[in-house]
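Using the hints, position chain D against chain R.
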Amino acid sequence: MSIKSEGEAEAALSTRDVKTSGRSSRIANLESADVEFVNVTKTFNDTNAVEDLNLRVEAGEFFSLLGPSGCGKTTSLRMLGGFEDPTLGRILLGGQDVTNLPPYRRDVNTVFQSYALFPHLNVYENVAFGLRRQRIEKQEIKRRVGEMLDVVDLPNFEKRQSSQLSGGQQQRVALARALVNQPKLLLLDEPMSALDAKLRRQMQIELKRIQTQVGITFLYVTHDQEEAMTMSDRLAVMWHGRVEGMGPPKDVYDSPTTEFVASFLGASNLLAGRIDSVAGRRTVVAIDGGGSVVVPSDRVPDLAGSLEVKVGVRPEKIGIQAVGTPVADAHNAVNGRVRVSTFTGVGNQYIVETALGVNVTVYAQNIGHQFAPRSGDDVVLTWPEEHTFIVKPLPKSIEMNETEGD
Amino acid sequence: MSLLERTTSDEPALVAPPRKRRWGRFILPTYSWLVIAYLVFPIILMIFYSFNKVYNGIPQVSFSWIGFTTEWYRQWSNVPGLTPAFWLSIRLALVSTAISTVLGTMLAIALVRYRPPRFHGKVIVEQVIFLNIAAPEIVMGASLLGLFVSFNIGRGFLTLVLAHVMFSIAYVTVTVRARLSGFDRSLEEAAYDLGATPRVTFTRVTLPLIMPGVLAGALMAFALSIDDFVTSNFLSGSSAPFPVWVYGVTRVGIPPQVFVFGTAIFTVGIAFAIMSIVLARKKV
Numbered sequence: 001m002s003i004k005s006e007g008e009a010e011a012a013l014s015t016r017d018v019k020t021s022g023r024s025s026r027i028a029n030l031e032s033a034d035v036e037f038v039n040v041t042k043t044f045n046d047t048n049a050v051e052d053l054n055l056r057v058e059a060g061e062f063f064s065l066l067g068p069s070g071c072g073k074t075t076s077l078r079m080l081g082g083f084e085d086p087t088l089g090r091i092l093l094g095g096q097d098v099t100n101l102p103p104y105r106r107d108v109n110t111v112f113q114s115y116a117l118f119p120h121l122n123v124y125e126n127v128a129f130g131l132r133r134q135r136i137e138k139q140e141i142k143r144r145v146g147e148m149l150d151v152v153d154l155p156n157f158e159k160r161q162s163s164q165l166s167g168g169q170q171q172r173v174a175l176a177r178a179l180v181n182q183p184k185l186l187l188l189d190e191p192m193s194a195l196d197a198k199l200r201r202q203m204q205i206e207l208k209r210i211q212t213q214v215g216i217t218f219l220y221v222t223h224d225q226e227e228a229m230t231m232s233d234r235l236a237v238m239w240h241g242r243v244e245g246m247g248p249p250k251d252v253y254d255s256p257t258t259e260f261v262a263s264f265l266g267a268s269n270l271l272a273g274r275i276d277s278v279a280g281r282r283t284v285v286a287i288d289g290g291g292s293v294v295v296p297s298d299r300v301p302d303l304a305g306s307l308e309v310k311v312g313v314r315p316e317k318i319g320i321q322a323v324g325t326p327v328a329d330a331h332n333a334v335n336g337r338v339r340v341s342t343f344t345g346v347g348n349q350y351i352v353e354t355a356l357g358v359n360v361t362v363y364a365q366n367i368g369h370q371f372a373p374r375s376g377d378d379v380v381l382t383w384p385e386e387h388t389f390i391v392k393p394l395p396k397s398i399e400m401n402e403t404e405g406d
Numbered sequence: 001m002s003l004l005e006r007t008t009s010d011e012p013a014l015v016a017p018p019r020k021r022r023w024g025r026f027i028l029p030t031y032s033w034l035v036i037a038y039l040v041f042p043i044i045l046m047i048f049y050s051f052n053k054v055y056n057g058i059p060q061v062s063f064s065w066i067g068f069t070t071e072w073y074r075q076w077s078n079v080p081g082l083t084p085a086f087w088l089s090i091r092l093a094l095v096s097t098a099i100s101t102v103l104g105t106m107l108a109i110a111l112v113r114y115r116p117p118r119f120h121g122k123v124i125v126e127q128v129i130f131l132n133i134a135a136p137e138i139v140m141g142a143s144l145l146g147l148f149v150s151f152n153i154g155r156g157f158l159t160l161v162l163a164h165v166m167f168s169i170a171y172v173t174v175t176v177r178a179r180l181s182g183f184d185r186s187l188e189e190a191a192y193d194l195g196a197t198p199r200v201t202f203t204r205v206t207l208p209l210i211m212p213g214v215l216a217g218a219l220m221a222f223a224l225s226i227d228d229f230v231t232s233n234f235l236s237g238s239s240a241p242f243p244v245w246v247y248g249v250t251r252v253g254i255p256p257q258v259f260v261f262g263t264a265i266f267t268v269g270i271a272f273a274i275m276s277i278v279l280a281r282k283k284v
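So the protein lines, in turn, are chains R and D.
Per the working numbering, the very first residue in the first sequence carries number 1; after that it's consecutive.
Per the working numbering, the very first residue in the second sequence carries number 1; after that it's consecutive.
It should be emphasised that the hints constitute simulated quantities derived from the structure, not laboratory data.
Possibly wrong hints are sitting among the right ones.
Derived, one-sided and incomplete: chain D residues facing chain R with beta-carbon distance under 10 angstroms [as the list claims (entries may be wrong)]:
| no. | residue |
| --- | --- |
| 1 | E189 |
| 2 | A190 |
| 3 | T197 |
Footprint (simulated), chain D over chain R, 3 or more residues, beta carbon under 8 angstroms [as the list claims (entries may be wrong)]:
| no. | region |
| --- | --- |
| 4 | 76-83 |
| 5 | 98-108 |
| 6 | 123-133 |
Bear in mind that the values here come from a model prediction, so they are computed numbers and not experimental data.
From the three backbone atoms N, C-alpha and C, an ideal C-beta is built for every residue, glycine too.
Same shape as in the complex, but just chain R (with noise of 0.2 angstroms):
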């Protein structure tokens, strides 16, 4: 009895606020809107800049779209917003098509990259012109512009001009100039890129308890891969206009499905093998340059009849021991001898020379009180099986240094 009704007087409490001042006058908990692309491409002088996308935001979520310039991150970002129209395909906001909407009938805000600021208005009237296009009469305007200075953080700030703040100052005010008008999708457009590694942590946090707050859909666009897990709910990443992996960011990150996947989120040692023999739960991978790993046969995707296959680990799960020491029972052991090691404050970076005829990448928490070997100790590698992956190597003909981002 208590709880239910609790909850129930708060939302007949909520439902007269919005029937009396005909707009819900709390910030919190807006209604938002999930997302939806079918099949949507864009093609820009021949090249497809999106290819046959199909995704789907679910409402209230933090969703990231993450991969390197020219993904086509950007221009799917564009085409929700109505900046640009889709070549083929829909795209649908909370189940209505808007694929052909201009972006001023689209129940959409965006944060751009530059801001874009109006440099002719103060921080009052930027925030404000989006509700001044709805009619909302002064007082009202007034309220919700000073509560959204407030929700970023940024009182007194109304008579302000833009070009007197600071950069991570401009962005706050581009999100609220956003989030006053209550959208049921925020986009934004690589925020952070303007600002410095310290102010960008902090926006981070920020940005996601903002997002938790107001309870809309975000769809975030980066290229940095440590962003997009910090808040993610779920991510993309994509490459060439399409996308190579999604899910929420641990699984994407643990169990990487492409080659691309594996090297732009995070870092990986991807050896390059063949499948040497499947024995029930494990299965044996040959590597090329001698040796072999044993990968959990539940991680091997569909390979198409094809063999050949990258094997991969992540640095930070293989363990650096001193030759003779016991290995753990179901984990793979390769020999090697220290080339490199790095010490980075939070830890030791190694790469290792290996029995498998190429360099693994280690990486070790600087915890205290454990093995640290020198460059020219040898050394044995261990990691456990379930910790390795396995990944369809990339056809020969593409690069992967396009991988690098910006």
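Here is chain D on its own, set in the frame of chain R:
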């Protein structure tokens, strides 16, 4: 030895000891003041002689100093024909500036925004604008006269406006275009995004941001119109604008009030020039 040789032959400027040029720092200021004097002296002379008395009471400018008077300022409107000519010039400048500013701004926006698939005449329009600025005015004036005569259009205010709009449009276009070329299109996208229709976006975002360019173009059009003589001389019928009227009376003798009007126009011009400098300095 060899090292020294190489450095001296390759980079003499770097090894040369820095010389103190005591006189060097006076060259630029001296030159600047000479240029300013050269440009302003005739005007100063005109202002000076607008306070001069006349010989034997004949109201005619003389260029020898007789005595100080402010009589011509007090009787500024006493010359028959001069004041109507002046007001005609002002009306002509206002009307032609208004028309050419609107048309020129529209043209500039089209030239910056649209490319051949959508705007096929772009290259031709650009060439015509250049031609319009480069063509000798005497040719334009004569051909306009020919046009109006052959189409039997009576010369008067309308033909003057048509001609003045014609030669101002190119200058407005060039000025506004310069302002637009650095325009951040994402500002317009932001306006659309916030629910502004294209019309509202233009009036609330685009126009305010290019306004300094538009005003600078308008000032230029006004200045070109108010002192135009060549074209106006061909096209003014019975009523002559100020420059044409002044040219007409030089043959019989210039009334001192002409210098009064000249001084007034110059003063307003200076005010406009300062205004346009201030506007040009204002950043986007």
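Practice prompt. Give me the numbers of the hints this structure contradicts, sorted from smallest to largest.
Written response: Going through the list in order, the structure violates no hint and respects every one.
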